[in-house]
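Visitor: Please arrange chain B with the ligand on chain A, whose structure you already have, making use of the hints.
Chains as they are written, first to last, in the numbering used here: chain A, -10 to 362; chain B, 43 to 349.
Hints were generated in silico from the structure; no laboratory data involved. Note that CB positions come from ideal geometry on N, CA and C, so glycine has one too. Treat the hints with care, as some may be off.
[As the list claims (entries may be wrong)] With a Cα cut of at most 30 Å, we get these calculated DSS-like pairs of lysine-lysine:
hint: 1; chain 1: A; residue 1: 83; chain 2: A; residue 2: 94
hint: 2; chain 1: B; residue 1: 238; chain 2: A; residue 2: 286
hint: 3; chain 1: A; residue 1: 182; chain 2: A; residue 2: 29
hint: 4; chain 1: A; residue 1: 353; chain 2: B; residue 2: 77
hint: 5; chain 1: A; residue 1: 83; chain 2: A; residue 2: 353
hint: 6; chain 1: A; residue 1: 182; chain 2: A; residue 2: 94
[Unchecked claim] Partial list, derived from the structure: chain B residues whose beta carbon lies under 10 Å from chain A:
hint: 7; residue: 80
hint: 8; residue: 248
hint: 9; residue: 306
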Amino acid sequence: MNARFGDAEEAFRDEVRRFLEAHRDLDGFFVQDSRWDAVKAFFRALGERGWLSLAWPEAVGGLGRSPIHEYILWDECAYARAARPPLGAGVVAKTLIRYGSAAQKARWLPGIRSGELHFSLGYSEPEAGSDLASVRTRAERHGDTYRVSGEKCWTSYARHSDYLWCLCRTGEPGSRGRGLSILIVDLHAPGVKVGLLPTLDGEALHEVLLDDVSVPVEQRVGPENGAWTLMAEALADERHVQFPPARLRRDLDDVVAWARRHGLERDPRVRRTLADLAVGVREAEVLGLRVLETLVKGRSGVVEAAANKVFQTLLCQKIARAALDFGAPESLVAGNPVEFLWRQSMWETIGGGTSEIMLGVVAKQELRLAGRS
Amino acid sequence: MDFELNDDQRAILEAVETLLEQRAGAARAVALASKGDYDAELEAALANAGFTDMALSEETGLLEAALVVEAVARAGGLAAIGAAALVAPHCAGRALPGPIALASAGERGPVRFGAHARTLLVAAADEARAVRVQPGDAETVASNFGYPMGRVRTDGGESLGAGSGARLRSAWRLALAAEATGTMRSALHITVEYLKQRRQFGHPIGSFQAVQHRLAECAVLVEGSRWLTYEAAWRGATAEASATAAAYALAAAHRVFSETHQLSGSIGFTREHDLHVFSMRLQALRLELDGVGGHQRALTRSRWTTA
Ligand SMILES: Cc1cc2nc3c(=O)[nH]c(=O)nc-3n(C[C@H](O)[C@H](O)[C@H](O)COP(=O)(O)OP(=O)(O)OC[C@H]3O[C@@H](n4cnc5c(N)ncnc54)[C@H](O)[C@@H]3O)c2cc1C
Chain A
-10 MNARFGDAEE AFRDEVRRFL EAHRDLDGFF VQDSRWDAVK AFFRALGERG
40 WLSLAWPEAV GGLGRSPIHE YILWDECAYA RAARPPLGAG VVAKTLIRYG
90 SAAQKARWLP GIRSGELHFS LGYSEPEAGS DLASVRTRAE RHGDTYRVSG
140 EKCWTSYARH SDYLWCLCRT GEPGSRGRGL SILIVDLHAP GVKVGLLPTL
190 DGEALHEVLL DDVSVPVEQR VGPENGAWTL MAEALADERH VQFPPARLRR
240 DLDDVVAWAR RHGLERDPRV RRTLADLAVG VREAEVLGLR VLETLVKGRS
290 GVVEAAANKV FQTLLCQKIA RAALDFGAPE SLVAGNPVEF LWRQSMWETI
340 GGGTSEIMLG VVAKQELRLA GRS
Chain B
43 MDFELNDDQR AILEAVETLL EQRAGAARAV ALASKGDYDA ELEAALANAG
93 FTDMALSEET GLLEAALVVE AVARAGGLAA IGAAALVAPH CAGRALPGPI
143 ALASAGERGP VRFGAHARTL LVAAADEARA VRVQPGDAET VASNFGYPMG
193 RVRTDGGESL GAGSGARLRS AWRLALAAEA TGTMRSALHI TVEYLKQRRQ
243 FGHPIGSFQA VQHRLAECAV LVEGSRWLTY EAAWRGATAE ASATAAAYAL
293 AAAHRVFSET HQLSGSIGFT REHDLHVFSM RLQALRLELD GVGGHQRALT
343 RSRWTTA
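Just chain A, same shape as in the assembly:
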């Protein structure tokens, strides 16, 4: 066992830290929607260094580095509260690299790599959240185009993005996971309407209404009705950067700073809670590294990733709530760091697959417990 990165990787971490110094004021991690312009400029700066395509193969314009570099980059970005990894450079690009035609790669990858082109994830619908196999958004093929109608919701950043990575039903109704395809839908095409859904963290999600939108067949990624496998692979590609543990370390550091500022650090109850949370953060780091290892070694990491997601997201809520609980009424004042963290962390156990769904994965795949029907 060796719980340390190599020298080259640590040197890269130093380089990332120096780079992030210049973006110290960005503070976009939690508020990417309302700070989109600044976040987009940051993505362009990453793009200039080739850091949006760190682990893409060199043949498609990537730097050909290992997933460890990606992990380090996004972990440091999380600690610096800079930004979360953009969908385009991860899910979209990696799927295109695996399944896309030469023409598709040529069309999309350069814009993604430079930080210019942005995508939103169009999976969830009003009637399809945890159960994505029940997606209803319909894509009917007419010659060289699909006509797409349906409704997506809880879509992050949709009003800022250029394209929607859209999960559509191309098979018969009732075909569940066997009848789904991924289409790249232009968010500025006729028939697309994006609405705001304000959320409790003061940010907003979006609904995307698709009314008979024309999508050229060249914008389908992967085989028709083949989205299910492709989605699972895309999720697996990103498992090491989705939940960077440094976010938790930073949360805890912020809470400790807050407790100091309010004279709470000597209270033995506060200290006991902080110690508990510090143990949790260390565990999260170890779990995060275990997920990374599965990727580096080319193993399936489905169970590890699910366990990691459950643990990390629950812990971030615990950190935020502990702060509020020992904070006294002062912590209720709008905009202070701990009350914001508390409202923000509420959704982490829901977005990106709920804790219950993740626990189901662990139960079925690791414990081999039978499912019903």
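Guide: For chain B with the ligand alone, kept in the frame of chain A given last:
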């Protein structure tokens, strides 16, 4: 022994619920909260109908007052009825000009309704003090927890006599337990109704056993809070009974908050769904009087400390 409400109590509950249906509710709470407003109309309507005098009248008492306070919380009413109907009568023995805000002497943190209050009831060591305040005396504090807040000065005022401090704290705990109970009931009700109709994987989510157990555990906690609150009111808000009810209810509030949000999924995180009207308030209630730890310490003090 008889835990049923009697006919008169049921009639009071029905009457206040009818009033609240017209004058409170989640939509009104959202509209008021967006402007940081206080529901003076609701307070006036409840007072005019006699609902804030329950604890002072001959025929009724703290239990009837607690039923009213819980009902107002359940309806999302944005008025300081816990202070008006329970705390002031029990502590001062009379009605005080409302809105009434509650504070602990020397504490500088923001208090609920602080910026709207005309009377501030301050808990000092042995005595309580009633401080007359004018709108504008207190600094308005923006908050995301459903109640208008303000930062108040806790000095001065008229003493309500020896022993009034302890009465104030006990009644405050009782009011917190009643408000938490009503608020939890609504948060849970909204969630249960939603999960009965929300279908995933071909079934209502509420039909999954793992989900049912969690909702049922919340229901047990809410019922426990309710009956401990009623019992404390029936016992005349003794220090021990009030602290017990508050310690239980405010601990339950944390659990009910987490479970209702988690099980509602994304819609519960959006402002279009009513859950937040109730859930966010729970956290504000959890912090008063030093939170669950404070109620627990009050309980051990009242039960095992002599002198
Ligand atoms: C901030 C945020 C950003 C998001 N961004 C995006 C985005 O960009 N693109 C996108 O497509 N989606 C996005 N989502 C949506 C998210 O992926 C879904 O909300 C999530 O998959 C859960 O779906 P749901 O909200 O419909 O919950 P539901 O599926 O309705 O579930 C409700 C509750 O029931 C539980 N449950 C469901 N089924 C079972 C079961 N069988 N057994 C036990 N419990 C069960 C769930 O775990 C949950 O607790 C976002 C969500 C949030 C909060």
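Visitor: Please go over all the hints and tell whether each is borne out by the structure.
Guide: To see whether the hints hold, each was checked on the structure:
Annotation: proposed proximity of residue 83 (chain A) to residue 94 (chain A) holds, straight-line Cα distance about 10 Å (limit 30 Å). For the hint pairing residue 238 (chain B) with residue 286 (chain A), the CA-to-CA distance comes to about 44 Å; that exceeds 30 Å, so the pair is violated. About 22 Å separates the Cα atoms of residue 182 (chain A) and residue 29 (chain A), which keeps this hinted pair within 30 Å; it holds. With a C-alpha separation of about 49 Å, the suggested pair residue 353 (chain A) and residue 77 (chain B) falls outside the 30 Å cut-off, and the hint is violated.
Our distance criterion of 30 Å between C-alpha atoms is met by residue 83 (chain A) and residue 353 (chain A), whose separation comes to about 27 Å. Taken as a hint, the residue 182 (chain A) and residue 94 (chain A) pair is honoured in the structure, with Cα atoms around 27 Å apart against an allowance of 30 Å. About 17 Å separates the beta-carbon of residue 80 (chain B) from the nearest beta-carbon of chain A, more than 10 Å, and the hint is not met. For the restraint placing residue 248 (chain B) at the interface with chain A, the shortest Cβ-Cβ distance is roughly 13 Å, beyond the 10 Å limit, so the hint is violated.
Restraint check, residue 306 (chain B) versus chain A: the minimum CB separation of about 9 Å is within 10 Å; hint holds.
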